[in-house]
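Please construct the entire structure, taking both the sequences and the accompanying hints into account.
Chains A and B, in that order, are what the protein sequence lines are. Residue numbering for the first sequence follows my numbering, beginning at 591 and increasing consecutively. Residue numbering for the second sequence follows my numbering, beginning at 591 and increasing consecutively.
Derived by calculation from the structure, the hints in this document are not laboratory data. For glycine and all other residues, C-beta sits at the position ideal for the given N, C-alpha and C. Each hint can be trusted.
Listed next, with one range per pair, are the computed distances between beta-carbon atoms:
#1 B:Gly-822 / A:Tyr-761: 40 to 46 Å
#2 B:Val-826 / A:Leu-682: 38 to 44 Å
#3 B:Val-826 / A:Phe-792: 46 to 52 Å
#4 B:Asp-643 / A:Tyr-673: 34 to 40 Å
Number of protein chains: 2
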Amino acid sequence: MYDIAIIGGGPAGYSAAINAKILNRSYIWFTGKTPPKKVIKAELIRNYLGLSDISGENLFSAFESHIAALGVEKTPEVVTGVYDLDGKYALLAGKNEYEARTVILCTGVETARPIDGEDEFLGRGVSYCATCDGNFYRGKDIAVLCYDKAFEHEIEYLCTLAHTVHVIPTYKDCGVKAANAHMHEGYPVKFTGGMRLEKVLFKNGELAVDGVFVLRNSFSPAKLVHGLKTEGGHIVVNRALATNLDGVFAAGDCAGRPYQYAKSAGEGNIAVHSAVEYLSK
Amino acid sequence: MYDIAIIGGGPAGYSAAINAKILNRSYIWFTGKTPPKKVIKAELIRNYLGLSDISGENLFSAFESHIAALGVEKTPEVVTGVYDLDGKYALLAGKNEYEARTVILCTGVETARPIDGEDEFLGRGVSYCATCDGNFYRGKDIAVLCYDKAFEHEIEYLCTLAHTVHVIPTYKDCGVKAANAHMHEGYPVKFTGGMRLEKVLFKNGELAVDGVFVLRNSFSPAKLVHGLKTEGGHIVVNRALATNLDGVFAAGDCAGRPYQYAKSAGEGNIAVHSAVEYLSK
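Below, the structure written as structure tokens:
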């Protein structure tokens, strides 16, 4: 039985793992089978304090160096279910079962139904983060596929940078008002291009763009943990990152916006401190 | 008028400043007059993800390099009051007044508790600003409670005005040399008087004065911002780091435990995103 089980191999997971290690708690860290795509493919990260203008790949390398220096171990398995066993939790990962007194969910936000070509052009014209990648499109033509009004301030920001912004809201009454914003109806069927994304295809017609921002909420970790309270696709947590389930904490994107590396690292840090406090009760 | 005013020169302040810069918002960043001692003096920081086993001094250097790379500007002034002007805030820093639509408090946690009587005689003998109020004490006897070498030039200035200046430094090797400056050891326990302040009391002894200047780098947030809700010495915030006052956000140690660099950097990141969302409403 472990003191702490950490689920997720993104920045929040890394941060939680180093903190669990430093605080001398027994832990198991499920990183999944692939490195975190969103981090690695980021072209340039400007706001991870202390590491200015770093690529996702180099930031990920810095994280790797950090865990290597501390001797933090990964368990590259995918957890498919977490079950409350009254005072402890059972975690299923494929055929294996583990037990832990606390669980820290760092599962990120899933991109539920990707557009055809979305994965292919991720980091080569497809971006999920206006504040991260907006600067690459200064004076250029872009499209924004927007799934929720909550993202409209990100579109406004992109309008201050790009030449033309084709806004494709998946809902009614999009409130973006910028002069260089053009509204489009319909849902993209495909992203196409060569080395980089070049076009957004619709059933009837297409848009030639230099890049497309996909701004969406999706996936509920409620699937993973029975009884976990979520809201709008995010796990409901308090300031200590405790969920509605005793001993279960959440950190990073899965715990809410903004989706940012520094925020995720900070929350991995907080969540372990909260878990340790819980364990010492 | 600025979009965002950031108060505090610790990790949360640095993080907020780089995010405000990257998001193309007009901002003013009040760092205070001295670098953050707590960061710089840390011997070894093990859990700032991406920068393993780093000294406080080197971590601070990395922060400095980051702001230099982005061209982030500091305003090395101490804010002594934030006032709600119905939809915007006025910030007083010495003789200067600034206005901002949002305020991000990154003031850290106070290590110095106010002196008994300090609040009571504020504006009636207690002052926080030599350049603002020095003239009221021409030819009079005053005391200066000084928390940092960085304020010594303000004491020198007061010595050109007042008759006698009783200097009470909270550190060693105070460098004030004026002929009318008298050094005192010990820490005041109380300020007393009638309509105005009359005496500074010590454990053993007292000083009869017309006024006392308290020169410190930061003030408790509740004192700084009228009407701000605090609890147990921390500013009450929600997950978006919004306080009870519209447009006022808090990040880092002042917003609650754990007191951790990564947590503070993450929260500076979050607070700016929340401020930008607020501004776009």
